[in-house]
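Engineer: For reference, the chains in residue letters:
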Amino acid sequence: MIEMAINLKNIHKYYGSVHALRGLNLEVRQGEIFGFLGPNGAGKTTTIRCMLDLIRPNSGSIRILGLDPQHDPQAVKAKVGYLPGDLKVEGDFTPRDFLKHLRRIRGDGRPWEELLGLAERFNLDLDKKIKTLSQGNKQKVGLLQCFISEVPLLMLDEPTLGLDPLMQQEVLNLIREEREKGATIFFSSHILSEVQKVADRVGIIRKGVLVEIAQTDDLINRALTRVTIQFGVTVPESNFDRLPNITVLRVNDNQHSYTLEVTGEMDSLIKTLGDYPVRDLAIHRPSLEEVFLKYYKDEKEEV
Amino acid sequence: MLAIFRRKLIKNWLMILGWGVGLGFLGWFMLDIFDSFFEQNIDFSQYMQAFPEDMMAFFGGSSDLLSPETFLDIEFFSYIPVILGIMVITNASKLISKREEEGTLELTLAQPVSRSAVFWSNLLALMLSLVLILALTWGGFALGLTQETNFELTPEQVFRPFVSLFALLLMFLSLSLLLSMILPSSGAAGLVSAFMLIASYFITSLSRIEESLEGLNHFSPLEYYQGGKAISGLDGQNLMILLGLSVLFMGIAWLFFVKRDLRFGGSGGLRLVFPKKGEDVG
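Going down the list, the sequences are from chains F and Z.
Following the working numbering from start to finish, the first sequence increments by one per residue and tops out at 303.
Following the working numbering from start to finish, the second sequence increments by one per residue and tops out at 282.
Any given hint could turn out to be false.
What the hints assert, rightly or not - Computed list of lysine-lysine pairs in DSBU-like fashion (alpha-carbon distance at most 35 Å, straight line):
#1 Lys271(F) x Lys98(Z)
#2 Lys229(Z) x Lys128(F)
#3 Lys98(Z) x Lys207(F)
#4 Lys128(F) x Lys88(F)
#5 Lys8(Z) x Lys128(F)
#6 Lys94(Z) x Lys100(F)
#7 Lys88(F) x Lys271(F)
#8 Lys229(Z) x Lys94(Z)
#9 Lys98(Z) x Lys9(F)
#10 Lys79(F) x Lys229(Z)
#11 Lys79(F) x Lys94(Z)
#12 Lys129(F) x Lys11(Z)
#13 Lys197(F) x Lys129(F)
#14 Lys79(F) x Lys98(Z)
#15 Lys131(F) x Lys98(Z)
#16 Lys229(Z) x Lys129(F)
#17 Lys229(Z) x Lys88(F)
#18 Lys294(F) x Lys128(F)
#19 Lys79(F) x Lys11(Z)
#20 Lys100(F) x Lys259(Z)
#21 Lys11(Z) x Lys128(F)
#22 Lys259(Z) x Lys207(F)
#23 Lys229(Z) x Lys100(F)
#24 Lys131(F) x Lys229(Z)
To be verified - Label-pair ranges, simulated between beta-carbon atoms:
#25 Trp13(Z) x Gly31(F): 24 to 34 Å
#26 His284(F) x Leu255(Z): 31 to 41 Å
#27 Leu255(Z) x Gly31(F): 51 to 61 Å
#28 Gly41(F) x Ser116(Z): 29 to 39 Å
#29 Asp127(F) x Val131(Z): 26 to 36 Å
#30 Leu124(Z) x Gln74(F): 11 to 21 Å
#31 Phe29(Z) x Gln74(F): 45 to 55 Å
#32 Ala75(F) x Phe195(Z): 48 to 58 Å
#33 Phe195(Z) x Gln74(F): 32 to 42 Å
#34 Phe29(Z) x Asp164(F): 51 to 61 Å
None of these hints come from the bench; they were simulated from the model.
For clarity, every value in this text was computed on a predicted model and none was experimentally measured.
All C-beta atoms, glycine included, are put in the ideal place defined by N, C-alpha and C.
Please work from the sequences and hints to get the whole structure.
Structural biologist: As C-alpha cells, then:
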C-alpha cells in the first residue's frame, strides 16, 4: 500500500462562528502533482495552514508523510517546503540574507551554489532590499526559500502569483523537475490552465468540503462534451431525443445542423450518425476552467 | 533558535545604541550637574521648603538634593521608569503580535522550528537588549565616577537601582507581551500596558499624599520599585515580587502563543483569543 503524502480525514475548522472546513477529506499520493482548486474563501489556505500546524483544526485527523503535524510539527515542517499565498517577508532583508537566515533556522539545506543557480534561473537580484522589489520578484524570493532544503513535499499556495508568463512557465518546469526527483507537489492556483498543464490530479474545494477529486484528464473527459454536426440531408430531431446521454442544445439550418451535449460515452451517437451523410463534425472538450466554473455555478445556484 | 535570537538582536542594535548611549550621556551629565549644585553650595532645603508639602511628597519626600542618593532618586530614577517603560512596552507588544499582523511570522513558523523557540529567542533577545541599554546607562554613571567628583558613591552602589529598574521594566515587558497575546492587536496591548504604567506611576506617587490610595497602591508595580533608594540596599522581597510577576506573565504569554492559532489579518484571528459567550467553536 502506498503511503499517502497527505491524508486528511474529516477536518473541521471554525473561525469563531464561521465554519471554514466542514469535514474535509483529502488524500494526496506520494510523487504526484496535485492541484487544489476553489474560489476565494473556499478553505484552500485554511487547509494548508492546518497541515503545517499554523492553525489547528477543531476536529479530524491530519497526516503529512505519515506524521501528525500537531504532535510532531517540526518533523513535518522539516519535510515541507511552503510558499504562503500572501507572502510577507521582512523588507530590510536582502534575498541573500533572507535565504541565509532561513538556512540557519532549518539547519540543513541544498548547497548554496544550487540556490544561486535557481536565483539566476529566476533572474533574481539577491542583493537588493526585499522592500524595494516588485511583487513578482518578492514571489521569486518566496519560491526560492521553498527550495532551501531538498524536501519530499512542496506546498505552494498560488506559486505563479504576480509572475510574468515566462517566469510562470519556469515555475511549472521547476515543479515538474521536482516531481521527477520524487517530490510530491501540492499546489493551489487560480490559473486553471496551468493546473491543467501540470497537475496529475485535482481536487475542488467548495465551502470547506472537497466536492470533486479526480485525474485532471478524467475530470475533463467526464464533463459534458459539446458536439456540432453538419449533415448533408435533413435529419429529424427525434433521432437524437431517443439516445441516452444526449441533449439537443440547438437545431439550425432546417434540421441540417445540430449542437448536442454529450455526457459520457459517444457510442450511440456515432452509430446514429452512420445512417446519414455527415459534412462536418466538431467536438469541443471543456477546459478545466469550464469544469471548475460548473461547480462554481452550481454553488451560486444553490445560494 | 540561535538564528532567530541573533536576527532579533541585530534588528535591535540601533535601539540599544540610541537609548543606551543617550542615557549613558545623561548619567554622565547628571554627575556634572550634581557637582555644579554642590560647588555653588545652594541651600536646597530652604529652596525646596518653598514647595507645598504634598508636592514634595509626590516627588519622593526628601529635600536634601545635595545627597547623591536623593539627587539620583529625584533627578533620574523617578521618571526613567516611565520613559524606558514606554520603550519596553512598545517593543514587547510588537515582539510577536506585530509580526503576526504583518504576516512575516507565518514563513518563520513554517520552518522546522518550534513555537517555543520562536517565542523565547525573540523574548531573550529583547531582554538582552534591555540589559544592554541599562548597562550602557550605568556605564555612563560609572565613567563619570572615575573622574574627580563630589558624588560620593561607588559604581557598585549606583548599580543597585538599575537592578530594581530592570525588575520593574521586565515586569512591564512581560505584561505587555501577555496582553499582546490576549488583546486583538499589538497596538491595543501597547496602549493598555502604557495606561497601566502611567496609572501605576500616579497611584504610587499620589498614595504618598492620599492615604485612601494605599490599598490600591499594593497593586501598583511601581510600589515595588525602589528607585534611587536602592543605593543604600536592595529590597529582596520587592525584587522577588517584580521578578516573580515577570516570570508568571511570560509563562502565561508563552502558553497562549504555543496553544493558540497563529493569527492572520483578515482570517478572523485578530480579535480576543477567548471565545465569545455562546460562540460555536465546534
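Engineer: Are there hints from earlier that the structure breaks, and if so, what are their numbers?
Structural biologist: Hints 1, 2, 7, 10, 16, 17, 18, 23, 24, 25, 26, 27, 32 are the ones this structure does not satisfy, whereas the remaining hints hold.
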